[in-house]
Each structure stands twice: as C-alpha cells, then as structure tokens.
Amino acid sequence: MELKEIVSSIKDKSAALIKEFELAPIIKELEDFDKEISARVDAGFTKKYPDKVKKAKELFTYLTTDLKPIVWKGNLADHIYEYKEWFNFAYANIVEKKLNEGGYDPFQGKDLWKHGYKNVAANRKMNAGVAGNRLRMYYAFSKDLNSVIQKDLITALTHPEQCVLICSGVPAEPIRAMGLTPFTLELVAKLTRTEDQRGPIKYLDKCEEAGVAIDTCSFPKMQAGAALDGQYFDGFACAVFSNIACDSAMASYALIEEKLNIPTFRLDQPYQFKTEQGITAFKEELYEMIDFIHDTTGAEMDWDLLAKIVKNLNYLQELDLERFELNASTCPPFDASMMIGQHIVARHSAYAGLEEVITAMENQLDFARDAYARGESAYPNMKYRAILWNPPPGVYTDFHVWAERCWGIGILTDMETYGFTGFIDESSNDSMLYGLSEKELWGPMSHHTRGPMDNFFGTLWKAVEQYRPDLVIVADHVGCHPVTTIHGLLKEECQRKNVPLCIMNQDLADIRVVSKQGMRDQINDFMFNVMNAEPLDPSLLSFDDSEEW
Amino acid sequence: MEIKEGLKGLEFFESLLDTPQNSLVDKAIAEGRIPIGYACYITPEPLLMVDSAFPVRLRAPHVTDTTQANYYMSLLSCMCARSVLETLIDGRYDFLKGIIGGGACMHINRCIQHVDWLDNFKDRIADKDFVVHTLDAPRKNSPATRRLFVKDMKQAAASLTEAFGLDYSDESLRKAIIDLNRYRAALKRLSDLRRGPEVKITGTEFHKVVLAGHVAPKDMLIEPIEALIKEVEEREPIQGVRARIMITGTSFDKPEFTQLIEDQGALVVADRYCFGSIPGLEQIPVDGDPWENLIMNYLDTCECARMMENSKRRFDQRKEYIDYFNVEGVVLETMKFCDTWSYEATMNMDRYKDINMPFMRLEHDNTLATEGQIRTRIQAFVESIENKRLVR
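Protein sequence lines correspond, in order, to chains A and B. Quick note on numbering: the first sequence equals residues 1 to 549 in our numbering. Quick note on numbering: the second sequence equals residues 1 to 392 in our numbering.
Taking CB as the label site, the calculated pair distances span:
#1 A:512 to B:122: 36 to 44 Å
#2 B:169 to A:512: 56 to 64 Å
#3 A:525 to B:23: 46 to 54 Å
#4 B:391 to A:521: 51 to 59 Å
No wet-lab data here; the hints were simulated from the structure. We put the CB at the ideal spot given by N, CA and C, even for glycine.
Excised from the complex, chain B in its bound form (with noise of 0.2 Å):
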C-alpha cells in the first residue's frame, strides 16, 4: 500500500493517545470541567456530556505487562480490562472525578468494582468526592428492561449532581445529545471517506482520529476533525490497496494493530468493533424525552455480543456494512478470554460461509507479543481474497 503523505492534523489526534491525561483534558480540567471515566459503548455518553462533565473512555495506553492486575484478576481474565485496572493501580486515571461502568460484561465489571478497594480511590469515593456506578445496562431491548436501565440512569446522575453539583435537567441532557450529535456528523463525514473505490484515510489513521473522541472532549475535537476532512479530500488516493477490509469483534483500542493488518497491504475500510466508529455514528433523536431517546439509541445500536437476543441481527447489520463500504474480507477478531464474542464469533464464521465473503477469525490479548503470527496469517488471508478476485 501507497501513501504519497502523511497527514499533518493527525498528530494532534495521535497526541491525545499516548497517556490519558492528555493536553485537552487537561484544559478542560482547568476551565473546571469534570472529567468523568467511562467503559463500554453501552454507557450513553451524552449522561456524561451534560452541565461541565466530560467523558473519558477507560483504556491503557503502552501498557503490555498487567503484573499488578493479575495478582487482582488472575491470568485467566481478558486482557483489556486487566490492562485497565493495571492502569487504574498505577494512578494513570486519579484526574477523574468518578467511573461509571456500563455493566457490560463480567470482566470490565470486575475490573471495576476493584476500585472501591483500590487505594487512591476509596478514600475518594468515602468522602464523596469521586462517584461509582456501574449501569444496570439490560441485555435485551424491552419495555421492562428500558424503565429499569433509565431509573439506574437517572439515579448515576442524581449521584454525580450530589458530588459535582451537575445539572441533569431534561434540557440538560437534550443539549449534551445535541453536542453529541454534532461530533458525530463531523466524524461521519470523515467516515464516509472511506466508502469509495479511491480511498484517501487509512484505516490507522481513522482510528486514531476515532480513539481521540473516546478520550478527550468531544467539543474540542470537530474543529480539528473538520480541518482533517479538508487535509483528507485534497490528498493523493491512496494506491496499492490489495484488499478492503472489515475488522469486526471485541475491544481493539491499540492502533499499532489496525497498522500491523494494513502493513500487509490490506485497507481498512469499516471499523465495527469496541473503540471503533460502528456503531456510532447515528444521529441521535433530540426531540421528546432525552432519556427515553438516549437509552433506546444505545439498546437499539449496541452491538456488543453482550446484547443476547440480537445476534442475527447483528449479523445482518454486517452485510449492510459490506455493502456500504465495498468489503472484500472480513477479520474477526475476538479478545482472549471473551466468552460472549467467542460464541457469537463462532455463529458468524458459519454465516459469512454462506454469503461467501472470505474472512479470518484472529484471536488476539490486546498486546503485538504475536505480532509475527498475525502478520503472516494476515498475508496469507489477503492473499486469498486477491486469488478470489481473480478467480471471479
């Protein structure tokens, strides 16, 4: 794969990425802001986009050795939230002023709930000056499951406005899913960039640019985005792209892997996994309840393995993801130790058999310790899907 030249407006992004207390959520601590920690897509961002909160997206950044978390969490747990907890231990995260977890699965929950025990948090938490909650967010979309998951919703907020003094008003909230929205427009734009058949962004450097919204304001990035998207449309297509690739699964927050995949010649051109833009990209609705709005945008889109009766239709929403952004090749990778993608993972390998879409299953700790593996697997696969296409 060819690329004539770097985008300059990427290193802004690619700053944001090193440590999480990066420059803008240290400015935004000093114009008194709250910044608010997060894990998981289903926690509905905007809940921690209201008043002055912002939300930070929990990762760990240059972490490959979880020695302390292990002790915690034993080896035998997925890596991504014991290289968050391993992060919580060493202090990365004291800047937050609170965590809400999305209940999303056991491991991140339990990695969580280690914070009430950890040291530089429980006297926090005692004096009430750091919040824990973690979501009572439902696996399934119902009617029974909506009024709980926006009952525990409203008692989080009732939690951060008792600490933080933060105004949680119907108003409120209508404005941060606003703001929300108009980060999403912007990134949107910059998504669809990827659709056509003369690709200007690679799939790295969407990443980083996407990474950057989990872990600082969003506010103070559509600005940057907007000036990317015009660096983009003036730049060189990019050539020598072999195949269009899909990576779809679990937690993938580590740039260095997207890299690794398109080193070998592979583009990627949707991002359909943990710390990726799909889902969310949609336009959330502004009129009428904002929480019954927010929960039913979250329930409706989430598509965590996590979500338990969805799967086909999950598997659908893929096809629609092939056709919208010309995918020749799927990879799926799945975290070590993640029960939920290792069956759903499993029921796909079957399905995308029968729609002949050539993919790879890769299953991956969070870390490049096998990054020879995965570069000659990956070669191979593309390889494959050129031999395909000639075939046709």
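Only chain A is shown next, with the shape it has when bound in the complex (with noise of 0.2 Å):
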C-alpha cells in the first residue's frame, strides 16, 4: 500500500472504532472537561462531578496505566490534558488492533515496532506526577518531534530501499541533504526502554545466548538482540556504522552487518578528535561515505539542502545555548525530561536540524521564557541542584521526578546534553562537512567515554562551574567501562575540587542488574550519610515498582 492510502485507511478505519467503541462522548466529555476545569481546583470538580471523573479515570487506566503515589499529577485537568496528547498518538493502539484483525500488518510481523509505534508518544513515564506548565513544555516539544519520528517509521515500513541504517555518531545531515532517510538503530533502544522496564531483556538474553558476553555493555546489545530476533526491517539501502559511542558498540555493529547482510561503511572516529588534524581526518571520511552512498544507492548530494540544514543547526545551538542558560539560573524552567535528550534531538540524532525539530524546540522554549520571566521553577521545591554525568538509567526513565519529589534534587543538566558549543562554518561545502564532522566527534557520550580523559573531566568540571550543583550524580552503568576505569580518579578529582559525588551503579538497559529501588537505595544512602539531609516525602524513600512498566 501507498502511505497515502495507508493514512487514509487508518484515518478511515479510526472514525469507524471510535463510533464502535462509542469512544466520541468520552472524548467530547474529556475536551469539554479541559476548557472547563484547566483553572480549577481538582478536588471540588472530582465532588460535582463524580461519575465523570470515575469515568474518565477508568478509561485513563484501561489505555495507560495504574495510577500510583509517583504518578498522579496532584490535579485530574492535568490528567486529561495528558490522556488527550497521548491520545492524539495511541489511537493506533486500537487502529492497528483492528488492521491485524483483518489480517493487514503494517509492522511484518516486528513486535518490536508495533509497541514502538504505539509507545512513541507514550511519554507519561518521563512525566509521571508532572503537572501544569512544566508538563505543557515536555508535550509543546514531543508533539512536533513524534511526528518527525513517525514519518521516519512509515518510511522505513513502506520504503526501506530510501532509508539509511545508521548508528549513534554518524552525522545524519549528509544523509538527508542527499534525500535519503537515515534511520537509526538507537530507536530500539529507546522504545523498548520507554515500552517496559523489562523491555530490553527478551533482546538482551537472545544476544547472550548466541555467545556475546553477559558483562559487554548491554545498550549495543540490545539492537544486537534485536538484530539477531530478525526485528529490523528488510531492504534498507545500505547502512553506516561507526566507533564512535564506544568499543563495545562498535563490536556489536560488526554482529549487525552480518545479520542483516546489507553494504555498510565505517566513520572511523580518531582518539584525538578535537584536533584540526582529527577533525580533518574524520571529515575526509564523511566525503567517502557519500561516495559509498552514492554508489550504493545512486542518490546525489545536493549542497543547498545541506546548507539549509547546517543553517538549521546553527540556529539550533543558538536555542540550546539559551536553554543552557537558562537552566544554569537560580530559576531553571527545564526539569531533567527536557534538558536530557532535547539536545541530542536537535544537533546529534537523525533528526538534527529539521524543521520540525525547530518548531519543537521554539515551542518549548516560550514556555520557558514565560516561566523564567514569571519566575516559575521546573522544580519549586528544588533544595539540591544536581548534574547527572554519565549516560542516565535508561529503564528508569522517571529516575529525575523521584529524585526531585523524594528529595528536592533538581537535575539541571546532563552529561549528553553537555556537548558541542560551537557553530558550524557555513561558507563552503567543505567547511560545512568540517563543521559536521567537529559537530559529531563532541556527540553524545562520545566526548566523555573516548580519547584522553581530559575529555571526561574538562567538560565536568565546565559544567559544575556553569551549573554550581549541590552534587553531582554520575549513573555508573556497570557495563560502560570507559568509565568504570576510571572510578579512583574520578573520586580523587571530586575530593580535590570539593564536590560531593554520588556514583549510582545502574544498568542502561537491563533492570535485573540494578532495580529501580537499587538505584533509589543509592542515592538514599547518598543523602542521608553524606548530605545529612532530611527526604522531602519520606513515603518515596521505599515502594514496590519492580512489576511497573
């Protein structure tokens, strides 16, 4: 089928579910709810209205989830407003029910893109217990965002021959400016996380079964379960895979390629990247990677499609430096869902530099001017500011909400979002490529995990002076051994600048290593004997989320 009739099926067949589900009064109710009570007090409209709100919350959590102590908003207009976002998306949850009944599966028979789909707005976990205008930023981005990803997913179901398979620190700009989708592996990752805690692990074990080694970092690892469980899709172009996260993932591409059998090319990434001789090499490489798509594909680089969006970029950086600003105030309107990943969206992921990406982020960025004007803090009841260094607990998405309502640690910052500074040359096509490569090698982990360990410590020790944390928390995930081996120093280099340092042992992908009370009891331990501090809700200190998604 072609996306357009496949749209306008799932549009079709959607009006029709809605009226078989006799879903539109609820709806209507629901709309009616949010114009009405957005100003108001939750607990007189839950007494006048009763079975509306019983209504409302059971088919809250029929489609999404209990409501517990960490989750619920303090407000049901907040719910709703939620519910109807998330809606707008998860719809497709009772869409494609109904196309498989009828035998149609967009998704060949890939679990793990059918839950993806369905979960790619599902952001309610970010935001468990968010409210008001805080929660209205994190939705003024992802709308625009989701969009973008789900155009990508179409692409890649309907027209993989379009898409180029690519992983983390292959810049994707080079990719569309030839009119090609770039399509990334991490996607994997993200969604099963974002799905279930327990997500990863169906991939993790099959990846360990086959032989790879159960203390290898268990990111890689997962898209290589993936790989192996035949979950990618059929017919990409070609793929593009570099060194750039880590030795491990690196590894683990080598196990991809084979399983999917597709022409691939290596971005090599120098140990010493930030040198001009560095940079220079790796841009040398980005001319032999459109050289090998062009070969692969036949596609054409058109340089005016790049300039747009290096431009695009550019004008990017200058919204995250203001967002970094901002956050590094006494009133910081971003709470830790918005500063972490918003930046690797924007300038590092395959969606750096769209349009979409720009709306997003201008979107959210009103809100946070107003907030800031207005002197409305992401966290009102921050006592602690804290960095988060390391890659966060990527199965406990919500890890920031109870960190800030147990204990009043506001996460400013983040290691990820902590990269590149710079603007990119725009005069050439060559200063362009320049500019791209030096964009890329400072890429997410990449600045902090590779090269010299004045890498790791120089950008630390920018943030601390920038962001003045209370404390900083580095999520130690056991299996990321750039940074396990550097643990002593890291501990020495904290005591010599007189900065408390939490190290949270954490797994990213694989909760049986460290459950999400594992990491809670760490950072308990943490403020209570070395902070002397008091929790702000004793009550989050302990509670059983072990069968939580």
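Assembly of the complex is requested from the two constituent chains, each provided in isolation within its own frame, with the hints serving as guidance.
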C-alpha cells in the first residue's frame, strides 16, 4: 500500500472504531472538561462530577496504567491534558489491533516496532507526577518531534530502500541532504525501554544466548539482540556505522552487519578527535561516506539542502545555548526530561536540523521564557542543584521525578546534553563538512568516554562551573568500561575540587542488574549519610515498582 | 604428550620473563640505550627501535592481585590492563623512559592515561624526562586514516627526539625496519618448525621465546634464537600428541596457560593471540617511504577485533593458519570484560561450525584462578577432537 492509502485507511478506520467503542461522547466530555476545569482545583470538580471523573479515570486506567502515588499529578485536569496528547497518537493502539484482525500487518510481524509505534508518544513515564506548565512544556516539544519520528518509521516500513541504517555518531545531515532517510539503530533502545522496564530483556537474552558476554554493555547488546531476533526491517539501502559511541557498540555493529547483510560503511573516529588533524581526518571520511552512499543508492548530494540543514543546526545551537543559560540560573525552567535527550535530538540525532525540531524547540522555549520571566522554576521544591553525569538510567526514565519529589534534587543538566557548543561555518561545502565532523565528534558520550581523560573531566568541570551543583550524580552504568576504568580518579578529582559525588550503579538496559529500588537506595544512602539530608517525602524512599512498566 | 628432553637454550628466554627489568634490559640501559614501553600490536615496533631506543611491551609477570589498580579502574575492567596498571604503580616499570600507547582499546588506553597521574611518573613527565603518547591508531585502513596515523606517529617521534635526541630520519626508521625484519625472519624459522607432522617444539616453549622478544631488545635475541633452532632441529619429535591446537583471541601473555592446555595432551601449533607470533612474522617492505610501509603493514596485518571492518577477513586468515599448521581444533580465548572480542568470538563460533572445525570458547581473567575448570574443559575438548578423528 502507498503511504497515502495507509494514512487514509487509518483515518477511516479510526472514525469507525471510535463509533464502535462509543468513545466519542467520552472524548467530547474530556475535551469539555479540559476547557472547563483548566484553571480550577481538582477537589471541587471531583465532588461535583464524581461519575464523570470515575469514567475518565477508568478509561485512563484502561488505556494507560494504574495510578500510583508517584504518577498522580495532583489534579485531574493535567491527567486529562496528557491523556488527550497521548490519545492523539495512541489511537493507533486500537487501530492497529483492528488492522491485525483484518489480516493486515504494517509492521511485518516485528513486535518491537508495533509496540514502539504505539509508545513513541508515550512519554507518560517521563512525566510521571509532572503537572502544569512543565507538563505542557514537555508536550510542546514532543508533539512535533513525534510526528517526524513516525514519518521516518512509516518510510522505513513502506520504502526501506530509501533508508540508510545508521548508528550513534553518524551525522544524519548529509544523508538527509542526499534525499534519503536516516534510520537510527538506537530507536530500538529508546522504544523498548520506554514501553517497559523489562522490554529489553528478551533482546539481551537473545544476544547472550548467541555467545556475547554478559558483562558487555547492554545498550548495543539490546540492538544486536533485536537484529538476531529479526526485528529490523528488510531492504534497507545500506548502513553506516561508526566507532564513536564506544568499543562495545562498534563491535556489536559487526554482528548486526553480518545479520542484515547489507552494504556497510564504517566511520572511524580518531583518538585525538578535538585536534584539527583529527577533525580533518573524520571530514575526509565523510566525503568517502557520501561517495559510498552514492555508489550504493545512486543518490546525489544536494549541497543547497545541506546548507539549509546546517543553518538550522546553527539556529538550534543558539536555542540550545539559551536553554543551557536559563537552566543554569536560580530559576531553571527545564526539568531533566526536557534537558536530557533534547540536545541530542536537536543536534546529534537522525532528526537533527529538521524544521519540525526547530518548531518543537521554539515552542518549548516560549514556555520556558515565560516561566523564567514569572519566576516559575521547573523544580519549585528544589533543595539541591544536581548534575547527572554519564548516560542516564535508561530503564528508569522517571528517575529525575523521583529524585525531585523524594529529596528535592533538581537535575539541571546531564553529560549527554553538555556537548558541542560551537557553530558550523556555512561558507563552503568543505567548511560545512568540517563543522559537521566536529559536531559529531563531540557527540553524546563520545567526547566523555573516548580519547584522553581530559575529555571526561574537562567538560565535567565546565558544567560544574556553569551550573554550580550541590552534588554530581554519576549514573555509573556497570557495562560502561570507559567510565568504570576511571572510578578512582573521578573520586580523587571530585574530592580535590570539593564536589560531592554520588556514584550510582545502574545498568542502561537491564533492570535485572540494578532495580529501580536499588538505584533509589543508593541515592537515599548518599543523601542521608553524605549530604545529611532529610527527605521531602519519606513515603517515596522505598516502594515496590518492580512489576511496573 | 611426551618430551624426551628439555631445551637448554630455553632457560635464557625464560629468565627474561620473570620481571620487566630483565638482564637484557639492564644490559641495554647500561649501554646507554633508551627503553620505551608500549602496549598492543598496533604500536609499530620499529618506531621504538630507531637509533638507541628499544621497545618493551607492557605486561604483568606474576601479578595475580590488582588491589591498587582495582581502586582506579574498578573490578569491571580487563584484567590485563589492570595488571599492567598494578605493575606501573608498583614501580616495576620505573626504568622506562616513555610509554607509547597504541590507542588499541579503551581498557588499555585508560590504563596508560593513568600514568599522567601516578606519582612515579608525573614529575618526570613535567620535567620532560618521560614521554607519554597514545598513538591515534585507526580502526580501519583507508587513505584518510593512514594520513592521520602517519602524522601522529611523526608527532610521537618528535616528542621522543625532543626528550632523548633520537634520530627519526627516514634512513634511521628504515634501518629499524630492517632490524625488525631480521628478527622476524629468525623467529619465523623457529615458528615453521611447528608445521610438519613431527613437531619438536611445544607451544609453551615457543610462547616463552615470543614473549621474550616482546620484553627485551630484539637484536640481542637473534643469536639465541638461531642457537635454539639448531637445538630444536636435533631434538626428538614430541610423542603422544593427542590434538594439534590453534589458540586465537585476546591478550594471552602467560605461558602457564599454554602449559595447562598442553598438559592435557594438546599441542599448540599456532598462536593467533595478542603476545603471540601471528601476526608478527611478516617482512615489512623496505623500499619506498618507511612511514607508509610501516603503517600499511601494521594496519593490514593487525588481527585484533578493534579493527572494525575486517571480521570476515580475519576469519579467512584463520582458515589459512589452520591449513598452514595443520590445526585440528581451535581454542577461542577471550579476556573477561573484553567487548570487542566478545562479539568477534560469537561470530566466529558460527563460522567454525560452518567449516566443521572443532572449537572451544574459553573466557578467562588472565589468572589461573580457575585452573581446575579449564583443565577439565580442555580434557573434554581434546577427547572430542580424538573422537572426531576416529569417526573420520
């Protein structure tokens, strides 16, 4: 089926389904509720309309998850707002079920993407307990981003020959400028973990059953396991992988390449990637990459389109720098869910430099500027300013919400956000590729976990200087060897600089290694014993969410 | 396996392995030569053989406890790298005048990066009496990466020239290549004695000779190797060999391990591991630009899984070694926490199955802590090879 037909078919069917399940009246009521109660206190409303609230809660519970203390936003209006945002994308839940019953499977039988498509907008976990302006700020960003993620997913489903499979550290901009769609391997990781804390386990097990050691990093292992499980779409034009993220990722791509059996190009990140000669070498590699893609697909580089994307990137850099500055203030308008990851999305992901991302960032920044002007912090009860270093706990996406509500810890920035802060020279094709090289080499994780140790410490101290944290939390992924191998120096350097350091063991993708409560226990121990702190909400020190999604 | 008599000449090589500052290192230092430490195959040895310099490969003889290194590098890291760091901290490499790392993998990189912080080195570095440089060794062989590698090697050379007055002219480097070629030719003659049906040198004995070549000036070893070759040729063939084995994989610098395998009746005829001789016996071209020749040789021949493009090609080379040395079974050894080799070994398991070659996967931590288990597994593996031979 052509894309247009699929979309039209979904729209037709969803209208029928809404009728079939009698959702229209409830949707109408919810929309009315939102308008009516947006400025009102919840308690009065619940008393006045107990049946309607009950019905809304039942529907919400059915379609989402049980309301638990950490999830409750404190008022129904925000739940209804979020439900509406989610429903706009999540109606595909129902649609897809009906489509399957009709025998049509747009996802080629690949479970991962079915769930992923449903959950690509399921940011509820990240906003567990989050309400008000902060909640709307988050969805102001995610709405536009999710549309482009879904567009790319549909292209991969229907026209994989137009897609180039890439990994972290491969600049997507030249690929887009060649009229192709970069499809990122890491989407596997993001989708499986968002859906369920146990989501990655089946892919990890698959990879380990094949023989990969249990102590290798679970993040690329999850991707390799998904490849072994046949979850990647057939028919990608080619693949471009790099060694930017780490040795483990680099090695996993060899296994993925062998499994998918498609033409593959490798980008080599130098050790000294901050030097002019290192960046130049990578730039030369990018020229070779462009030639490879052309030879494989016939696609031509549109340098004008690349120039437009680069211009967007530079504009996004301006917006990013403003975000960094706002959040370094005493009234940070962004919480961790808005800082962590969005820098990557805007400037290092497969969606970097796209118009939709600009719209998303601008929308969110408008909210942020207003909030800042009003003196409205994303963390109204913040007692401790914190920086999160190392990749954030991947299977505990609402960790920052717990930290805030239990201890008043406001996470202001993280390592993956604190990357390239320069601009790309737009004056020539060569200067653009040089700038893109430099940007990519400073990409998430790479400039901290690769190369000389100064890459790790240098940026950490810059972040400490800008954000003046009361503590640094290192989310110490047990499979991350570049960081576990500098534990000793990390402790010594933080002692020397008098920066309280909490090393919190976690596993990026495997909840069996350290549970969510296990992570909370480590923070609790640190806050009690090192910071001599008292919790804001002792009921959140320990609770059982081992069966939660 | 039955060996009628030991090799007298081997004692000399064994004596060089007990401690990093062995008798030949001392002799060379007394002669005014400059010892430069290095890690990993991808560091081109001739770079450290110019003029009065000589390379000393970092290893950790007799280290089983890495308490200090565990603090710095945590328990969740390669034991080889940690052992080397422990040895550096202990001062057993204080005799070195520099360390040139190969940028090989993150574990060994981090190990060497600690040198800047260690008390026994940091002042010397500040006083320019000790040179530390991690080479920007590429992970693929392409025009762009070769250009970068040459540039970076020349920068390392410039640092060594500034500190110690070493001559890095083309002529000097070419001479170093010739010297290495001479050593490699001698070692290859010894290696090839393992090819035929009647083998007169065990894998353990050969391992010790190869190791010695990593930790002592190579020019001082050529005559002892020639003498050893004569002794081996006159020896009675080894009897009772139950299986001809190739060991392939990661860092494997303990001859005790090879001994453990051979005690079960297997004969190690091919050593495709780090600290082994494969690769490392090829002749490097002498004509033309010596810098280009050097990097082409090392990038082309490096069989570490860190080279991201060449997994299939590496396996094809294994098949050549299997034919060359008449191998009957392969031990795929990997170091615990080694990410690159974990995936490589996983893919190779299927490949060995495809060519019907018996193999055994062995993960270790560079110590003999699990000696009993390894022994049992090797025994079973050797038996399986014998059974397969019977069936054929």
